[in-house]
Amino acid sequence: METKGQRVRHAFITAWALAVIVFLYLPTVCITIASFTASRYFQFPVAKFGLDWWEKTFNSIEIRQLLSTSISIALCVTVIAVTLAFFGALAFARYDWKGRSIYQKLILLPIFFPQSVLGLALLLWFNMLGLQLSWMTAVFAHLVWIVPVVTLVIAIQVYSFDPALEEAAFDLGATRWQVLREVTLPVLFPGLFSGALFAFLLSWGNFPLSLYTTGADTTVPEYLYAKMVAGYTPGVPVLGTVSTIGAAFLLIGGYGLILAMRRARQSATE
Amino acid sequence: MRRLVQLGQGEKSAIPLLLFLLIGFAAPLLAVIWFSFMPARTFSLFAAPSLANYATIFESTSYISFLWSLGLAAVTVILLALICYPVAYGIVRVFGKWAMLLTLLFTIPLFVSENIRLYGWILFLIKNGVLLGSLKSIFGLELESILFTRTAILLGMVYVYLPFMLFPMTLGISMVPSETRDAAFDLGASRWQVFREIELPLSMPGIVIGFLLTFVLAVGAIAEAKVMGGQRIIPITHDIEIAFTYAQNWPLGAALAVLLMLVVGVLVLLALRRFDLDRFLGRR
Chain H
1 METKGQRVRH
11 AFITAWALAV
21 IVFLYLPTVC
31 ITIASFTASR
41 YFQFPVAKFG
51 LDWWEKTFNS
61 IEIRQLLSTS
71 ISIALCVTVI
81 AVTLAFFGAL
91 AFARYDWKGR
101 SIYQKLILLP
111 IFFPQSVLGL
121 ALLLWFNMLG
131 LQLSWMTAVF
141 AHLVWIVPVV
151 TLVIAIQVYS
161 FDPALEEAAF
171 DLGATRWQVL
181 REVTLPVLFP
191 GLFSGALFAF
201 LLSWGNFPLS
211 LYTTGADTTV
221 PEYLYAKMVA
231 GYTPGVPVLG
241 TVSTIGAAFL
251 LIGGYGLILA
261 MRRARQSATE
Chain L
271 MRRLVQLGQG
281 EKSAIPLLLF
291 LLIGFAAPLL
301 AVIWFSFMPA
311 RTFSLFAAPS
321 LANYATIFES
331 TSYISFLWSL
341 GLAAVTVILL
351 ALICYPVAYG
361 IVRVFGKWAM
371 LLTLLFTIPL
381 FVSENIRLYG
391 WILFLIKNGV
401 LLGSLKSIFG
411 LELESILFTR
421 TAILLGMVYV
431 YLPFMLFPMT
441 LGISMVPSET
451 RDAAFDLGAS
461 RWQVFREIEL
471 PLSMPGIVIG
481 FLLTFVLAVG
491 AIAEAKVMGG
501 QRIIPITHDI
511 EIAFTYAQNW
521 PLGAALAVLL
531 MLVVGVLVLL
541 ALRRFDLDRF
551 LGRR
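In order, the protein sequence lines correspond to chains H and L.
My numbering applies: residue 1 is where the first sequence begins, and numbers increase by one.
My numbering applies: residue 271 is where the second sequence begins, and numbers increase by one.
These are calculated hints, taken from the structure and not from any lab test.
Remember, it's a predicted structure, so these values are computed and weren't measured experimentally.
There may be inaccurate statements among the hints.
What the hints assert, rightly or not - Pairwise CB distance ranges (calculated):
hint, chain 1, residue 1, chain 2, residue 2, range
1, L, Lys397, H, Glu62, 26 to 34 Å
2, L, Leu371, H, Arg265, 18 to 26 Å
3, L, Ile293, H, Val229, 30 to 38 Å
Cβ coordinates follow ideal geometry from the N, Cα and C atoms, glycine included.
With these hints in hand, go ahead and build the complete structure from the sequences.
In structure tokens, the structure reads:
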């Protein structure tokens, strides 16, 4: 039963949410438009559209170098983060042990910490250790912030995991390794997959940590920042558009895959 | 003597992550704290510790930057709470099968570098940009751009940190059982009473996490003031960065960072002290 007041309220909430979505995507639309202009400087309404800057950007060796640095960092972060966070999430949500409640809060601390300060702290720390800064130190820096996030993402999946499944497998004579490979990992797969997606994308888009820890190497967000502060080229909106579309693709594709798998499993058990 | 220490599964699984955070998080912070006691403008680690850097800070005008950072963060948090609550409520209670799609739409910008998204605002707001250009060509209006003002900084911060308020809030609101709400309505409570006495208190854990997360992130914000504000405001993070880069005064920068860490740390510890994470993340 819906009253009139409720209908008005729901209409307001829907309109509000749509307005927020428009607010959220407005800059993205502007960037996309800017990337298709043919002129050197952005002016609206656009006088002439063209793909010139897309071509120039993708033929630039510098840009390819940036993309490969960013992707290498993100891939390394993803692999290491998911491995560490898998065990971290088991300790977070699966097992009962004495220090668990303190442990859960300790894990959160790096998330609740200003990233620019964390980046500088790591710079100082690497310097103390005498490490040469490069994309590899940036991987380490990203991990400090991303591993806790991924741990939480996987932990949410672990909470819904029934430990009786593992016990049943042990009772049937499976080894520790077999249980991990045939029971634990497949059941937790959606969580691990979301975790990997988060790790990759958060590393790909990260700026404050990269800024202080990449040394001579440059990531895409760093390059864009440098160009935004001084020396605009229409390559900036092109890279921005690519980055946005890439993220959207990965996310939508990723969630589509998870949904499809869930559906397949449901129809298999029916 | 083979098993000197018997560790359970939980401890064993926790060790790799704890070790990692020890070298990746605790040690760098200790390094910053130690460095803040070194003499100004040095890079040595073994001088006699002193409080000289802190004295310099308290005599300087850094407190203005501190106040700007904290003030901007506080305003950002309040605006975000007002903007996000109706949306979070809608995702949990109103949108039904569309909720999933909306959540996805709100998630995507989270993964695009904040620089890129702020840059889009510049294109929108700048003179001859999307907004002013359209106004000019359609209505013949010529207005001043709000870019490079304090309003623009605030807009940038609200924009960048929106998802960090929205998602914890959504989680919080979904913790309120529908039965409790229905019962209150059946007993004759008004819409406002249900909100104030049931929905708000029961969704508090999520709301607190959202406040905390956005506040901490906003205090650490650096790009917004530079990109959108044209340095109209110098936030504390900017002072810290200057000390570490142009000024080459690492001990001073470290001392500023320690003060910022103190403010944030106290807030986070107070808020998290009595927080039941199992209930928050593992419900259902």
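Okay, the hints, checked on the actual structure:
{"no.": "1", "hint": "Lys397(L) - Glu62(H): 26 to 34 Å", "verdict": "holds, 30 Å"}
{"no.": "2", "hint": "Leu371(L) - Arg265(H): 18 to 26 Å", "verdict": "holds, 22 Å"}
{"no.": "3", "hint": "Ile293(L) - Val229(H): 30 to 38 Å", "verdict": "holds, 33 Å"}
Checked against the numbered hints above, the structure violates none of them.
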